[in-house]
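**Student:** First to last, the protein sequences are chains A and B.
Start counting the first sequence at 35; every next residue gets the next number (this note's numbering).
Start counting the second sequence at 4; every next residue gets the next number (this note's numbering).
It is possible that some hints are incorrect.
[Stated by the list, open to error] Facing chain B, a subset of chain A residues (Cβ under 8 Å, in silico):
id, residue
1, Asp116
2, Phe131
3, His139
4, Thr148
5, Ala149
Calculated directly from the structure, the hints in this document are not laboratory data.
From the three backbone atoms N, C-alpha and C, an ideal C-beta is built for every residue, glycine too.
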Amino acid sequence: MASSPVSESLLSLEGVSRVYGEEVLVHALRDVWLDIRAGEFLSIVGPSGSGKSTMLGLLGVLDLPTSGSIRIQGAEVNTLPDAERSRLRGQAIGFVFQQFHLVPHLTALGNVETALLYRNLSRKERRRRSLEALEKVDLVHRHDHRPIQMSGGEQQRTAIARAIVTEPLVILADEPTGALDTQNAANVIEIFAGLRSPERAVCLVTHDVNVAAATERRISMLDGEIVADESQVPVR
Amino acid sequence: MRRFGELIGVAVAGLTARKIRTLLILLGPILGVAAIVAAIGINESSKGDLKAKLRELGTDLIVANAQDAIGGFGRDPRIPEEAAGRVARLPDVTSVTGTLQLSNIVTLPFAAAEDYYRAFPVPIIATHLNLPETMDVPLVSGRFLNEFDESSAARVAVIGRDLANEYGYIANEARSIQLNGVDYGIVGVLDYVLLEPSMDSAVFITFANAVEDWDEDDPDPTRLYIRAPTNTRYVAQEIPTVISLGGPDGANTKVPTDLLDAQSQVDENLNNLTKMMGGLALVVGGVGIANVMSISVIQRSSEIGIRRALGHSRGTIAFQFLIEALVIGVLGGILGAGVGAGVVWGVSEMRDYTMILSVSGLFRWASVSVVVAVVAGLYPSTKAARLEPLETLRLG
Chain A
35 MASSPVSESL
45 LSLEGVSRVY
55 GEEVLVHALR
65 DVWLDIRAGE
75 FLSIVGPSGS
85 GKSTMLGLLG
95 VLDLPTSGSI
105 RIQGAEVNTL
115 PDAERSRLRG
125 QAIGFVFQQF
135 HLVPHLTALG
145 NVETALLYRN
155 LSRKERRRRS
165 LEALEKVDLV
175 HRHDHRPIQM
185 SGGEQQRTAI
195 ARAIVTEPLV
205 ILADEPTGAL
215 DTQNAANVIE
225 IFAGLRSPER
235 AVCLVTHDVN
245 VAAATERRIS
255 MLDGEIVADE
265 SQVPVR
Chain B
4 MRRFGELIGV
14 AVAGLTARKI
24 RTLLILLGPI
34 LGVAAIVAAI
44 GINESSKGDL
54 KAKLRELGTD
64 LIVANAQDAI
74 GGFGRDPRIP
84 EEAAGRVARL
94 PDVTSVTGTL
104 QLSNIVTLPF
114 AAAEDYYRAF
124 PVPIIATHLN
134 LPETMDVPLV
144 SGRFLNEFDE
154 SSAARVAVIG
164 RDLANEYGYI
174 ANEARSIQLN
184 GVDYGIVGVL
194 DYVLLEPSMD
204 SAVFITFANA
214 VEDWDEDDPD
224 PTRLYIRAPT
234 NTRYVAQEIP
244 TVISLGGPDG
254 ANTKVPTDLL
264 DAQSQVDENL
274 NNLTKMMGGL
284 ALVVGGVGIA
294 NVMSISVIQR
304 SSEIGIRRAL
314 GHSRGTIAFQ
324 FLIEALVIGV
334 LGGILGAGVG
344 AGVVWGVSEM
354 RDYTMILSVS
364 GLFRWASVSV
374 VVAVVAGLYP
384 STKAARLEPL
394 ETLRLG
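I would like the entire structure built from these sequences, with the hints used as guidance.
**Tutor:** Listed below in structure tokens is the structure:
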């Protein structure tokens, strides 16, 4: 990933619609245009069923649009074959989920290393980079613990380390504080704010207005459409 | 190569994380391979001592029994001395011994057992002096009949080993047995004659005794034992002609080891049945693998989803599960072959078999286990690859 100007478009949706179902059609997303630029710390907010999770899936190229395009650094990716799309996803996007989704039989280090598999890295290099990522979330001392041996906050920080170890362009977080208490939630938001850099954007998808208030750009959704896209002074 | 190593690592980690389930999946291929290896091994090992015996005996002994070439003339068929001489002069023949079994003689170790030995008579065999050489059997004790016994018609006898055991004969003991009331001194005990077990309970005397004591006016043998180390089959075919030469005396021949040889051949039908049943066990094992792995795919859907989110393609996910199946097949094959070999060893020890186990057979059946496991893994692998990450990750 070459360093890019601050305003470079990292991830964009162009006229994206997503319709589910065959007999009964559900329009989860309708003609959405969105551009996420380098250096941004933004949130996508909306009530349940507003289409924000669908949008997250499409932004992360985990799903394909019914119509429209998904672009990573200007290149259309939704038309690529699965293997190529997966490779790009692994390179460009880091995911953090509400339920952490750590592999239960792997240690914290093993979970972080999973993100570096099949990249032609030596075991030693994978380990070094993973420990570095755990260091960033202050969890290096817990690297040999399994998820079940860690608190919710620690599991979420492990998930964050897994998301950043590949040095992605965009970090997409789905309700990252949803399963955490207030103190842990505040810590996690702090970590996300710190992850943003001139080359990288951080995007939180949430229904929690307090979380959204911590970001600098707020995109509001309702019924599958973007109803507001505004800059704000972050409150943390 | 590094990628393959990583896939193996992920597969092994997945399998070792769920030890009980992995053990249950492994049971199928282990039992299937073990069943086949054990059944075939036991079947072959049970014939192993026959094969060993065959090697020990050699396959070059021919037995020629007298028979009338033209039709009976009111006397028992015999092989005349000059005919036996002709057989002995054949180029491939190294040794010929004639024997004549005498009838209606009651053999008694002691008088009180007369009723028993009248009911179960002991065979009395008049023999040429080179019987131990021709039969390739040593004496357990004492000596065999010799030239002096023959020329003097001395009343001496050699007994078979079973008879010696039955009589409680102690080695080199000075003892006699009665043949129809006539005392014969026992001079030796012949060891077991594997190719002619009837000799083990027989009494051997000279042809001179047969003539002197038992009024055999025709001291010709009824049977010839012939060693022909080369061209055994051809010699056996030739002998009837050599004996008969167009005259009334004839003979039929057989090679006793032919029967042993046939017995030592592993029963192909039984083997095929065994293979079929073992194959069936492997297929059932394969179905088990497919079944348990399919459930595993559902249970691990979240893991699959996160791997997809981390950039692993559908192909990589499918390959990961296929490698898990491969590891199961390899482990199951190795363990199954080991268990099967252990069973063959145990049974061979218990039953005193000569253990026969084909190493190539072990590899072959272990490979079948690998193939079955990989084929069984195809469906769950495809299923894993087709999972939609969005559905498995249950976004908030």
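**Student:** Each hint: holds or not?
**Tutor:** Hint by hint, here is what the structure shows:
Annotation: Asp116 (chain A) was flagged as interfacial toward chain B, and the flag holds, the nearest CB pair being 5 Å apart, inside 8 Å. Taking 8 Å as the C-beta contact cut-off toward chain B, the hint placing Phe131 (chain A) at the interface holds, the least distance being around 6 Å. Interface restraint check for His139 (chain A): the shortest CB-CB distance to chain B comes to about 3 Å, inside 8 Å, so the restraint holds. The beta carbon of Thr148 (chain A) is positioned within 8 Å of a beta carbon in chain B (closest approach about 6 Å), and the interface hint is therefore held.
At a threshold of 8 Å, the smallest CB-CB gap from Ala149 (chain A) to chain B is about 5 Å, leaving the interface hint in force.
Going through the hint list in order, the structure satisfies each hint without exception.
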